[in-house]
Amino acid sequence: MIATMETLNDLDAPTKSAVIDLLYRLADDAIIIGHRGSEWTGFAPILEEDIAFSSMAQDDMGHALTFYQMLHELGEPDPDTNVFGRKLEQWKCASLVSLCSKRDWAKSLVRKYFYDVAESLRLESLAQGSLVPLAQLARKLSSEKKYHLMHGHMWMPRLGQGTDESHQLMQDAVDTLYPHALGMFESTGADDLLDQAGIFLREDELRKRWVAAVDKVLGESSLKINAKASPVYGGRSGKHPDDLATLLDGMQLVYKLDPSAKW
Amino acid sequence: MNDTQWPVYEVFHQQARGEAHIHVGSVHAPDAQMALVMAKEQYCRRQACVNLWVAPASAILATDYQDGDMFEHATDKSYRESWGYKTPKTIKKSKASDKESAK
Amino acid sequence: MVIAIDPELNQLSKEECERRLETFEGRIARGDKVEPTDWMPQEYRNQLIRLIHVHANSEICGALPEGKWIPHAPSFKRKMALLAKVQDEVGHAQLLYRAAETLGASREQMIEDLISGKSKFSNVFHYPADIWTDVAIIAWLIDGAAIVNQMMMSDGSYGPYSRALKRICYEEAFHLKHGYEMVVTIAQGTKMQREMLQDSLDRWWPPIMMFHGPADKVSKHTSMLVQWGVKLKTNDEQRQQFLRQFVPKMLDLGLKIPDPNLRLDKETGDWLYTEPDWDEFKRVINGGGPVSGDRVATRKLAHEEGRWVREALSAAAANQPIPMPTMTV
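Protein chains in written order, with my numbering: chain A, 1 to 263; chain B, 1 to 103; chain C, 1 to 329.
Isolated chain A, as found in the complex (with noise of 0.2 angstroms):
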């Protein structure tokens, strides 16, 4: 019988660690894909679709922000310290969220329902957990994910099968960014913790779970994954592709004019 946590204070000091680092991974993953989400902010291929990715990326941004908010909670620096002043090494987002793919919509859109499909996945993990306030803040968020999952269900097939030039371009995305993806579930010193403590699932027991949901959802979209495809790993320990310093040296730049300065 697993122990309920009521508060962050109930955790003892390995257990607390082991939220935090589950935390940033939760956190640095979600505002980054925000950041890549509000690059087509003005950009997108239609007018609607504008608003609707800028609103995901919205809501992607809200949820990293609770999640830094929690860690702050746990003794770590308020948020916009954490974010607009943190070192590369520091950061553990996974790759698929830190590759640029500027002014490529396919690749954002796989991207995007890659992720979506993980962090449903993890905030399920989370609302079922023995952590309260996780538990709580995870329910309240996962009302946001439906949309997400929503506008991936509907646009996945329909690139997918649109023309040819659109399946070529989606299975050249999905090519790309499926190791990438695989790469979200690296397991990291925690999982055990967390496992034992009844917080959250196993990193190789979601990436099960995604890798089913995913694969149904890209076979109705004539899209083929690589059974063979070996993650790409580094992400949750410091090690990220050049694309992740670009933007933080783009995100960054501002803030470190002057770090004490509000603006």
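Check the hints yourself; a few may be wrong.
Stated by the list, open to error - Covered by chain C, according to a simulated footprint, are these stretches of chain A (three or more residues, beta-carbon under 8 angstroms):
(1) 31 to 41
(2) 45 to 51
(3) 78 to 91
(4) 158 to 164
(5) 248 to 259
Note that these hints are calculated values from the structure, not bench results.
Don't be surprised by glycine CBs; every beta carbon is placed ideally from N, CA and C.
Chain A is already provided as a structure; the job is to place chains B and C on it using the hints.
Using the frame of chain A, we list chains B and C on its own:
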């Protein structure tokens, strides 16, 4: 080349259960399902909404503004309204003579 | 002043033109809105399409200078607010193109005209946003100037435009407060921040003074739009309203307005100012501004690179219906 001139879908939102759906605007979309995806954030990103409808604009048949006067009432229609009726404050008791005359 | 309409343009006899015009103008005089299926002078239709088209173009081009700074916003709040604001601009473009479409214009054609440089957009978006504080000045003063214009137009005679503008004004209220909060925060900040803000104002002031359009004595479009209740105030009246509303606040914040002739006429309450350079205005809105070419090129690129997406959606819609998706994994 006519690629963004998709059909127009009219958008209706319902702000709370029990209320009527209200027309809020329209979107271009390739099909009805995409119209829902497109409409959700353009029309419900701020206001409360519990349910959203889309319908092809082409499915709507409207009256002509020129015939707007057909909605006006040319004669007294107050008999359709509650305010068209008087309710006396007291009800008079029926008289005994009424009973006799009824016999 | 009475405007006569052209029978040939309206494809009606002179008598019929006069008869219909009387009904049309009577409706406007009563304060009733004109709706898309009503008869309206072709002159009114053409002027409105031009006006709404330029307005829609301005919203979508207005998304570019600010959109450029979303990736660089220095805090969570600023990042999400700026994203929401630029999103609104795109949303406004959607609403406005829809309003123009009710007059018979096609959205596809309007976008084609924008990216081929055939149609215009607001003068202010032909200038670059070089530093972060430009975003604050744009959000406060350009949105402020736009609200003066849009509030006035939202009472105008054409129903669909008026409806779109009511919603737009509601959203612009957030832009204005977001802009003002940024300006106030920066104005109370470090020396570097205040210098950046002043630099932004110095560059943006001349285009902002031109925002409401040429002085009344030279504006060729104003009279007809005023006559038919589309514009309820002249360009100069709008400019004056903007100055009355914003100059005192700017001075309170310690900003220096870069116009040596700017002063209050105590008798009339009007602000006196150096007449903007209307030749520059003309040159800029005709595509001769510092970044006019970039703006159009960016829109063109976005439109063309999105073509395969729109074609795929059209093809998918023409095929079998795709079942309604689930919302959960």
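Verification of the hints:
no. : hint       : in the structure
1   : 31 to 41   : holds (count 4)
2   : 45 to 51   : holds (count 6)
3   : 78 to 91   : holds (count 4)
4   : 158 to 164 : holds (count 5)
5   : 248 to 259 : holds (count 7)
Checked against the numbered hints listed earlier, the structure breaks none of them; every hint is satisfied.
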